[in-house]
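*Asks:* According to my numbering, the sequence shown holds residues 1 to 191 in order.
Keep in mind that the hints were calculated from the coordinates and are not lab data.
Among the clues, some could well be false.
As the list claims (entries may be wrong) - Each computed DSBU-like pair below joins lysine-lysine, with the alpha-carbon atoms no more than 30 Å apart:
no. : residue 1 : residue 2
1   : K9        : K70
2   : K9        : K108
3   : K9        : K66
4   : K81       : K66
5   : K9        : K81
6   : K98       : K9
7   : K125      : K81
8   : K98       : K70
9   : K98       : K81
10  : K103      : K166
To be verified - Computed Cβ-Cβ distance ranges for the label pairs, DEER-style:
no. : residue 1 : residue 2 : range
11  : Q64       : F101      : 15 to 25 Å
12  : G182      : E13       : 39 to 49 Å
13  : L188      : D117      : 42 to 52 Å
14  : E17       : G189      : 47 to 57 Å
15  : S20       : G84       : 38 to 48 Å
16  : T82       : Q107      : 21 to 31 Å
17  : E63       : G189      : 12 to 22 Å
18  : M71       : P16       : 34 to 44 Å
19  : M71       : F101      : 17 to 27 Å
20  : T94       : G187      : 44 to 54 Å
21  : G182      : E160      : 47 to 57 Å
22  : A15       : G182      : 25 to 35 Å
23  : A11       : H151      : 47 to 57 Å
24  : G92       : E160      : 17 to 27 Å
Beta carbons are placed, not taken as given, at the ideal position from N, Cα and C, and that holds for glycine.
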Amino acid sequence: MVDDELYEKVAPEAAPELLSNPSSLVTQRPPPHPLERRLIFQNIGREGYTTDIDCYLQNGGYEQLKAAVKMSRTEIVNEVKTSGLRGRGGAGFTCGVKWSFIKPYEQKPVYLICNADESEPGTFKDRYIIHQDPHQLIEGMLISCFALNVHTAYIYIRGEFPAGAKILERAIEEARAHNFLGKNALGLGFD
Numbered sequence: 001m002v003d004d005e006l007y008e009k010v011a012p013e014a015a016p017e018l019l020s021n022p023s024s025l026v027t028q029r030p031p032p033h034p035l036e037r038r039l040i041f042q043n044i045g046r047e048g049y050t051t052d053i054d055c056y057l058q059n060g061g062y063e064q065l066k067a068a069v070k071m072s073r074t075e076i077v078n079e080v081k082t083s084g085l086r087g088r089g090g091a092g093f094t095c096g097v098k099w100s101f102i103k104p105y106e107q108k109p110v111y112l113i114c115n116a117d118e119s120e121p122g123t124f125k126d127r128y129i130i131h132q133d134p135h136q137l138i139e140g141m142l143i144s145c146f147a148l149n150v151h152t153a154y155i156y157i158r159g160e161f162p163a164g165a166k167i168l169e170r171a172i173e174e175a176r177a178h179n180f181l182g183k184n185a186l187g188l189g190f191d
């Protein structure tokens, strides 16, 4: 394990490179099975794919957000219901159903919490997204915020994962610099 990332079958001669450049072995992960359709992990392990916003934008990043803000909040919730999108925790609760509990124009403050705790023993699902595709996480949160009229969102990440926190902080600043989040995001008057 290097910087909270698990590596398997590392040849002894590759260890020095791995320690000095942990992402050097990412492209050596096996490709998906021909019948496998990756959704959340579609960018992870792709050759030449980096965590910076320019790479994410070149690969269609933030296009779903741009499409979502043209829809009504109710339309987004219904789209998420139809998609069958589920939470990544043990219960696998459907997001669209959970979202439908919140009124589209709720007057009380509503907060969005992304629990990236990774507390289930032996799991690494959240870390992969944070370390390899942080903008996908941010885009999903922004769509959620817009759909639920949320103006404050939090990402919980445990203190034992400082590398992931730094990656997320950088990605958040990049998204803010491109006006995807912050005051008047995308020029829509949405904060």
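*Asks:* Each of the hints needs a verdict: does it hold here or not?
*Replies:* Each hint tested on the structure:
1. Taking the CA atoms of K9 and K70, the gap is about 47 Å. The hint is violated against a cut of 30 Å.
2. With a C-alpha separation of about 52 Å, the suggested pairing of K9 with K108 is violated against the 30 Å cut-off.
3. Proposed proximity of K9 and K66 is contradicted: the alpha carbons are some 41 Å apart, above 30 Å.
4. Using a Cα cut-off of 30 Å, the hinted pair K81 and K66 holds, with the two alpha carbons roughly 19 Å apart.
5. For the given pair, K9 sits about 40 Å from K81 by alpha-carbon distance, which is inconsistent with the 30 Å threshold.
6. For the suggested pair K98 and K9, the alpha carbons sit about 41 Å apart, so the restraint of at most 30 Å is broken.
7. Between K125 and K81 the CA atoms are separated by roughly 23 Å; this keeps the pair inside 30 Å, and the hint holds.
8. A hinted pair counts as satisfied when its Cα atoms are at most 30 Å apart, and K98 with K70 qualifies at roughly 22 Å.
9. At most 30 Å may separate the alpha-carbon atoms for a hinted pair to count; K98 and K81 meet this at roughly 9 Å.
10. For the hint pairing K103 with K166, the CA-to-CA distance comes to about 34 Å; that exceeds 30 Å, so the pair is violated.
11. Distance hint check: the CB atoms of Q64 and F101 are about 23 Å apart, consistent with the given range 15 to 25 Å.
12. Between G182 and E13 the beta carbons are some 46 Å apart, a value that agrees with the proposed interval 39 to 49 Å.
13. A hinted range of 42 to 52 Å is violated for the C-beta pair L188 and D117, which are about 31 Å apart.
14. Our hint of 47 to 57 Å for E17 and G189 holds, since their Cβ atoms are close to 49 Å apart.
15. At about 42 Å, the beta-carbon gap between S20 and G84 stays in the expected band of 38 to 48 Å.
16. The beta-carbon spacing between T82 and Q107, approximately 27 Å, falls within the hinted interval of 21 to 31 Å.
17. The hint said 12 to 22 Å for the Cβ distance between E63 and G189, and at roughly 21 Å that hint holds.
18. Take M71 and P16: their Cβ atoms lie about 50 Å apart, and the range 34 to 44 Å is violated.
19. At roughly 19 Å, the beta carbons of M71 and F101 sit within the given window of 17 to 27 Å.
20. Between T94 and G187 the Cβ separation comes to about 32 Å, which falls outside the hinted range of 44 to 54 Å.
21. Taking the beta carbon of each, G182 and E160 are about 29 Å apart, not inside 47 to 57 Å as hinted.
22. Judged by the Cβ atoms, the range 25 to 35 Å given for A15 and G182 is violated: they are separated by roughly 41 Å.
23. For the pair A11 and H151, the beta carbons lie near 50 Å from each other, so the given range of 47 to 57 Å is met.
24. Take G92 and E160: their Cβ atoms lie about 25 Å apart, and the range 17 to 27 Å holds.
Of the numbered hints given earlier, the model fails hints 1, 2, 3, 5, 6, 10, 13, 18, 20, 21, 22; all others are met.
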